[in-house]
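A.B. asks: Listed here are the chains, written in short residue letters.
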Amino acid sequence: MATSSSGSATKAISLFLKDIKSEFRTRYAINAIAMFAVVTVFAISFAIKGTGLSTELQASLLWIVIYFSSLSGLAQSFVKEEESKTAMALRLYAPAEVIFAGKLLFNLVLLFGLNLITIPLFAIFISFEVASYPLFFAILLIGSTGLAVVTTFVAAIISKASVKGALFAVLSFPLILPLLVEAISGTKKAMTDGIAFGAARMEIQVLLSYLVIMVVLSFLLFEAVWND
Amino acid sequence: MIWKVVLLLIISWVTVGAWVFPPPTPVIDNPEVFRIIYFHFPMAITTVVAYGLGMFYSIKYLSERNMKYDLREVASARLGTIFCVLAAVSGSIFAKNTWGSYWNWDPRETSIFMLLLVYGAYFALRSAVSDPDQRANLSAVYSIFGFVAAIFFIFIMPRIMPGLHPGAPKPTGGSEGSIITFNLETASVLIPSCLAYIGVFIWMKNLTVDITELGKGNKGV
Amino acid sequence: MSLKLTIDGLAKEFPGRPVFSDISAVVEEGRRLVITGPNGSGKSTLVRILCAFNRPTRGSVGFEIDEKKLTHLEIRPHIGLVSPDMVLYDELTAIENLSFFAEVAGHRFEIPELERRLENIGLAGRGRDFVGSYSSGMKQRLKYCLALLREPEILILDEPTANLDERGKGLVDDIIRSHHGIVVIATNEKAELFYGDQFIRLGD
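Protein chains in written order, with the numbering used here: chain A, 6 to 233; chain B, 216 to 436; chain C, 39 to 242.
Just so you know, the hints here were simulated from the structure itself, not pulled from any lab data. There could be a bad hint or two in this list.
The calculated BS3-like cross-link candidates involving lysine-lysine, where the alpha carbons are at most 27 Å apart (straight line), are [as the list claims (entries may be wrong)]:
1) B:431 to B:420
2) C:107 to B:275
3) A:85 to C:177
4) A:54 to A:90
5) C:177 to A:90
6) A:169 to A:85
7) A:90 to C:207
8) A:26 to C:177
9) A:169 to A:54
10) A:90 to A:26
11) C:106 to C:42
12) C:177 to C:106
13) B:420 to B:311
14) C:177 to C:107
15) B:431 to B:283
Pairwise CB distance ranges (calculated) [to be verified]:
16) C:62 to B:431: 24 to 32 Å
17) B:221 to A:90: 55 to 63 Å
18) B:281 to A:90: 51 to 59 Å
19) A:44 to B:320: 26 to 34 Å
20) C:111 to A:50: 29 to 37 Å
Sample of chain A residues at the chain C side, in silico, Cβ under 8 Å [stated by the list, open to error]:
21) 19
22) 23
23) 30
24) 31
25) 35
26) 89
27) 90
28) 97
29) 98
30) 99
31) 232
32) 233
It should be emphasised that the depicted structure is a prediction, and the values quoted were computed from it without experimental measurement. Ideal Cβ positions, reconstructed from N, Cα and C, are used throughout, including at glycine.
Looking at chain A on its own, in the form it has when it is part of the complex (with noise of 0.2 Å):
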């Protein structure tokens, strides 16, 4: 037999890329939540039409969208595997930190993903103007990191549930709320004219503080998830 052992970034990556493949040749997850960003962004357009929105309502309606479409498509990773019985092989063969490390990366590509959609189409349909980008761009990659690790570690626990319906949606907006909070709270400051970098060192700060937290329960806590 023809064995290296490996690392678990290794076997995580293996995941990925199978899910990948998956996802491309199944298209399970991205349609669902392209077609949803499209949807609700062009809902939103054609509400206001052309009248100026805050900065505010710019800043919150981003985040909602953008959770609310992840809302479509992340718990598939999971719900998936276990609605298609692959999730009993998937069980043998892999250590329960590896499913986790490889379908968060999965979610966490999708997310930007969408992200690459939804905000294009905030600048075109709303007038979305971002001030400072580095500002912006840091809040939407640890908040969307954030909402990523989250959200896939929700959908590990409602693809156990006999009822899954809206559970997602009701387990996940709990957790994600300091989140939005924050993020909606720095994205409205990088949208100042103006500003400079330090002004939302409080968001990023507890937006970081709160990934760090997310992360370290997630993985210690997914074996008893995945394994019972």
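Model the placement of chains B and C on the given structure of chain A, informed by the hints.
C.D. replies: Then chains B and C, alone, in the frame of chain A:
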């Protein structure tokens, strides 16, 4: 038995003291309103204690996989939610009379809202899982997550976001510090009050657990 | 190398319904354990507990390699499983399935090696087809290929010949007879009872 008598005495002391001693602060125009602090603050403390104990039982469940911890976890979470609602209601009456409206999205009010959301979701999760072991497992994991997220809100957000509660940076800049003057009389009521309501919570929790365990025993007979 | 599988006082209850109780067995290397019982008697549940997918209500499963005891999660890398509850990815090809599971388990196989293994199981030339296009018998053969991939010490077979034709059954017969470790078979087929050195009868 003896501690129930002690509890009765403390509660009586608190109830009388809350009305007899001068109100805790002389600064505001309507000082009598501040008497509610003797109930509002203990409710909030008991909420955190109850949810904290719930999380302790979650960790115990995950490490020992014994259903008796699941039972204690739900009992604590249920009672925690009752105290949380009481804290929110007493808080909003207090807020109406001091800050002018029932709900202001002050960081602490946001925290209470956050706690109710987390535990609402916790109970939704419990009802969505049919297998008891799986239900205990998933809800224990979620309650740890939820409690940590809520703690983050409760202890961190109010200190960095401008707010109306004592201890928060004021919107006007600078820190006015606490507007409640803690003299000996206030403390002699407030501290026993906190202890008493925590005692009441533990008593109620033990009763809930006993009733459920007795019910289970009867089914087998 | 010496292997020992110990099942000690195992019991499983679903809410208000005991499935089985007080199951004990010690299986040594080179021996085969057959689990039988009517539908709903808990064969698959017992298999799931052996693979550490479910926790027993009481009792324990132990596995020893050279006197070294493994915890319930450490057993998994030593198990090769074929079960109707275990499904492979329809949207991947047979080769992709095999190399994916090998990779996440920390092994690496060259494609010619995987093709040779597929050939041994009677799937020659079908390695690049999507598993979704396979017949149920072919899927069952692929599960054997995956189960044997890491040369496991314990082979756990739930309904080993489900969906297989005569030639497929012959292949399974070879696999069971040539396995050097421990084989656990959950079945109701009379023909498969003869494999057993030891038996667990559920639902009596």
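A.B. asks: Determine for every hint whether it applies to the structure shown.
C.D. replies: Taking the hints in turn, this is what the structure says about them:
1. B:431 to B:420: Holds, at about 17 Å.
2. C:107 to B:275: Given that 27 Å is the threshold and the Cα spacing comes to 25 Å, the pair holds.
3. A:85 to C:177: At roughly 19 Å apart (the allowed maximum being 27 Å), residue 177 of chain C and residue 85 of chain A satisfy the hint.
4. A:54 to A:90: Roughly 47 Å between the alpha carbons, so the hint for residue 54 of chain A and residue 90 of chain A is violated.
5. C:177 to A:90: holds (14 Å)
6. A:169 to A:85: holds (12 Å)
7. A:90 to C:207: Status holds; Cα separation ~24 Å.
8. A:26 to C:177: Between residue 26 of chain A and residue 177 of chain C the Cα gap is close to 20 Å, so the pair holds against 27 Å.
9. A:169 to A:54: violated (36 Å)
10. A:90 to A:26: Judged against 27 Å, a Cα distance of about 18 Å means the pair holds.
11. C:106 to C:42: holds (10 Å)
12. C:177 to C:106: With a Cα-Cα distance of about 35 Å, the restraint between residue 177 of chain C and residue 106 of chain C is violated, given a limit of 27 Å.
13. B:420 to B:311: violated (32 Å)
14. C:177 to C:107: The given pair, whose Cα atoms are some 34 Å apart, is violated under the 27 Å limit.
15. B:431 to B:283: holds (11 Å)
16. C:62 to B:431: 24 to 32 Å: About 28 Å separates the Cβ atoms of residue 62 of chain C and residue 431 of chain B, which means 24 to 32 Å holds.
17. B:221 to A:90: 55 to 63 Å: holds (58 Å)
18. B:281 to A:90: 51 to 59 Å: At roughly 30 Å between Cβ atoms, residue 90 of chain A and residue 281 of chain B fall outside 51 to 59 Å, so the hint is violated.
19. A:44 to B:320: 26 to 34 Å: holds (30 Å)
20. C:111 to A:50: 29 to 37 Å: Violated, at about 51 Å.
21. 19: This hint holds: residue 19 of chain A lies near chain C, its Cβ roughly 4 Å from the closest one there, short of 8 Å.
22. 23: At about 5 Å, which falls below the 8 Å cut-off, the nearest Cβ of chain C leaves the hint on residue 23 of chain A intact, so it holds.
23. 30: holds (5 Å)
24. 31: holds (5 Å)
25. 35: Since the shortest Cβ distance to chain C is 14 Å, the answer is violated.
26. 89: This interface hint holds because 6 Å falls under the 8 Å limit.
27. 90: holds (4 Å)
28. 97: holds (6 Å)
29. 98: holds (4 Å)
30. 99: Holds, about 4 Å.
31. 232: This interface hint holds because 7 Å falls under the 8 Å limit.
32. 233: holds (7 Å)
Hints 4, 9, 12, 13, 14, 18, 20, 25 from the list above are not met by this structure, while the remaining hints are.
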